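Student: Quick mapping for you: the protein sequence lines, in order, are chains G and U.
With my numbering applied, the first sequence corresponds to residues 8 to 344, in that order.
With my numbering applied, the second sequence corresponds to residues 8 to 344, in that order.
FYI, nobody ran anything at the bench for these hints, they're computed from the structure.
Treat the hints with caution; some may be incorrect.
Said to hold, decoys possible - To be clear about the criterion: a stretch of chain G counts as covered by chain U if any three or more of its residues have a C-beta under 8 Å from a C-beta of chain U, and this derived list gives those stretches:
#, segment
1, 18-25
2, 42-55
Unchecked claim - Take a look, some chain G residues computed to stay more than 12 Å from chain U by CB distance:
#, residue
3, Thr15
4, Gly28
5, His293
6, Leu301
7, Glu324
Here the structure is a predicted model, which means the values were calculated and not measured.
Even for Gly, the Cβ is constructed at its ideal location relative to N, Cα and C.
Number of protein chains: 2
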Amino acid sequence: MPVGTKGTVKGLTPEDLKTLGAGVVLGNTYHLYLRPGADLIEEVGGLHAFTGWKGPMLTDSGGYQVFSLAKKRTISEKGVEFASVYDGSRHVFTPELATGAQEKIGADIAMVLDECPPAGMDYDYHAESLRRTARWAERCKEAHTRPDQALFGIVQGGLHPDLRRESLERTVEIGFDGYAVGGLSVGESRGEMLEVLGYTAPMLPADTPRYFMGIGDPVGILEVIRLGVDMFDCVLPTRIARHGAVLTADGRLNLRNARFRRDFGPLDPECPCETCAGYSRAYLAHLVREDELLGHRLITYHNVHFTLELCRRARKEILASRYGEWSRAWISRYTGE
Amino acid sequence: MPVGTKGTVKGLTPEDLKTLGAGVVLGNTYHLYLRPGADLIEEVGGLHAFTGWKGPMLTDSGGYQVFSLAKKRTISEKGVEFASVYDGSRHVFTPELATGAQEKIGADIAMVLDECPPAGMDYDYHAESLRRTARWAERCKEAHTRPDQALFGIVQGGLHPDLRRESLERTVEIGFDGYAVGGLSVGESRGEMLEVLGYTAPMLPADTPRYFMGIGDPVGILEVIRLGVDMFDCVLPTRIARHGAVLTADGRLNLRNARFRRDFGPLDPECPCETCAGYSRAYLAHLVREDELLGHRLITYHNVHFTLELCRRARKEILASRYGEWSRAWISRYTGE
Chain G
8 MPVGTKGTVK GLTPEDLKTL GAGVVLGNTY HLYLRPGADL IEEVGGLHAF TGWKGPMLTD
68 SGGYQVFSLA KKRTISEKGV EFASVYDGSR HVFTPELATG AQEKIGADIA MVLDECPPAG
128 MDYDYHAESL RRTARWAERC KEAHTRPDQA LFGIVQGGLH PDLRRESLER TVEIGFDGYA
188 VGGLSVGESR GEMLEVLGYT APMLPADTPR YFMGIGDPVG ILEVIRLGVD MFDCVLPTRI
248 ARHGAVLTAD GRLNLRNARF RRDFGPLDPE CPCETCAGYS RAYLAHLVRE DELLGHRLIT
308 YHNVHFTLEL CRRARKEILA SRYGEWSRAW ISRYTGE
Chain U
8 MPVGTKGTVK GLTPEDLKTL GAGVVLGNTY HLYLRPGADL IEEVGGLHAF TGWKGPMLTD
68 SGGYQVFSLA KKRTISEKGV EFASVYDGSR HVFTPELATG AQEKIGADIA MVLDECPPAG
128 MDYDYHAESL RRTARWAERC KEAHTRPDQA LFGIVQGGLH PDLRRESLER TVEIGFDGYA
188 VGGLSVGESR GEMLEVLGYT APMLPADTPR YFMGIGDPVG ILEVIRLGVD MFDCVLPTRI
248 ARHGAVLTAD GRLNLRNARF RRDFGPLDPE CPCETCAGYS RAYLAHLVRE DELLGHRLIT
308 YHNVHFTLEL CRRARKEILA SRYGEWSRAW ISRYTGE
């Protein structure tokens, strides 16, 4: 799911996303609530009407941003008070407010408000936090009124198997349309992340979507798919594009590298996207060095194409029962190992 | 002529420019010579091949940038020595080098190297300068070897009728494929500019293109067309777009203005461009406030469309012998006066 934090996948139009075959596009409740405001978006008919993207949309609850962006925050049973990253103004997100804001924003899938503690917090903190998150999840479900909007629960519990199990059981007991594994990609190692996902994912209901929050590098995507994940999002493909980093089957290329200055070949010779069909590495490297808007736009387009194409291929390989072998070979080529 | 200073009209693809119906696109010799370098562009087959724009292109000689960007510069009969705006490195532009660099860059129209003094310089300076510029123009013509590239001369002379006449006569005597009026839009008033153009333009040969360097606001465009100008360029439509300023028949809109936050109508109700067809003022105002790439891209697209459409309309009105009446009414509506 390409990420459109503030109501736009940076540099791309809805028409571009359609051409690219994007399935679900993300919006961010924290940012959209603060700017331009959930009421304003509701007034125009929701985020689809506001942005012009007619396909499926998901909004996260803002929980992750409250905990990752805010310098000062106070958590209580009621909710979390924080200072806006924009102007320092004080706001309180409660489960009811996060749910209501997402109903106004009107994405097809909403997320419960959760606390997302850093990986380094201790066992007792994670235990207390996941129980509060479960109580918040219950309040979100109670507050949720839109029958045309799915609501997903989020499993927390840090790096502790028994806490992950407890969080999962409490969340599944409440009952949601889908379940996310949260609280990973927050400072732990890749090995720890996969270990937690490895024992958490199999406990999730088999008949509802499984969403891993916050992974977007090609190897990570293939690894979480292998563990049974259906959905994932990350700003990585679009963010690194704006720094001149290009995803290819042979690994990441950094276009700022001097060797691309006179490389007149296509960006990725195996890629059929418009950027690779129309522009040379040398030209794109020039645009990157000069910080030109067109460079950001064209490389973002390629990286999103690359990532979506990887997922489409993964789906085919799963259906052909060849996923394990194919993904190992793919990762080996990508990493050069 | 939309301006693609560094080999890109900021935010737009060559495909966009084709859809918009751009005739000639500008490149800048000063910038392209320094980055990525004229040799590199020649190696890939010229600026058309490098950028993917297949339509006509014009490069200015770099003279204007040498005089407007460089902090330290030394002018001699030989040429002008200056410090690069990128890294302070010393360079010397001679008529021969500027011509050779433009042949390597390979636009369809090249410009002679000229000195472009600020409006405030005195009579004697302008007299000395225009004579040197005329000698440089002669050297440019001698150095020019590409039969597939037009070369235009440039008329200088500040705000002095007799110096303008002298510069024009010297330049026309050398003989070029077209003539530009330079040294305006450099600090003088709009009235002074039009006065100079008013007595300079009629002296230009009638059978070659007349190019006014550096005008791009709608009223300015209509005024120089009235005085007989055929070609003009300016970064204005694209630069103001990146600050959220939108060109409409009723004047400029500043999307940062609070009144657009909840304005769900199209950007310009009379405009058929993709931006106006697909996005509301409220959404674009949000993108502008958040400094989102998509906002820069979409508003640039509209402003270029608006400006090109204005020129297409002007051409029709000239052919129908209605230009005077039509342009007065247009300016009156635009300025609200």
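Student: Indicate, hint by hint, whether the structure satisfies it.
Tutor: Hint-by-hint comparison with the structure:
1. 18-25: holds (count 5)
2. 42-55: holds (count 5)
3. Thr15: Incorrect as stated: the minimum Cβ-Cβ distance to chain U is 5 Å, not above 12 Å.
4. Gly28: Non-interface label on G/Gly28 holds, nearest chain U Cβ at 19 Å vs cutoff 12 Å.
5. His293: At roughly 5 Å from the nearest Cβ of chain U, G/His293 sits no farther out than 12 Å, so the non-interface label is violated.
6. Leu301: The claim is violated: G/Leu301 sits with its nearest Cβ about 5 Å from chain U, within 12 Å.
7. Glu324: Per Cβ check, G/Glu324 is outside 12 Å of chain U; nearest 33 Å; holds.
Violation of the numbered hints given earlier is confined to hints 3, 5, 6; the remaining hints are satisfied by the structure.
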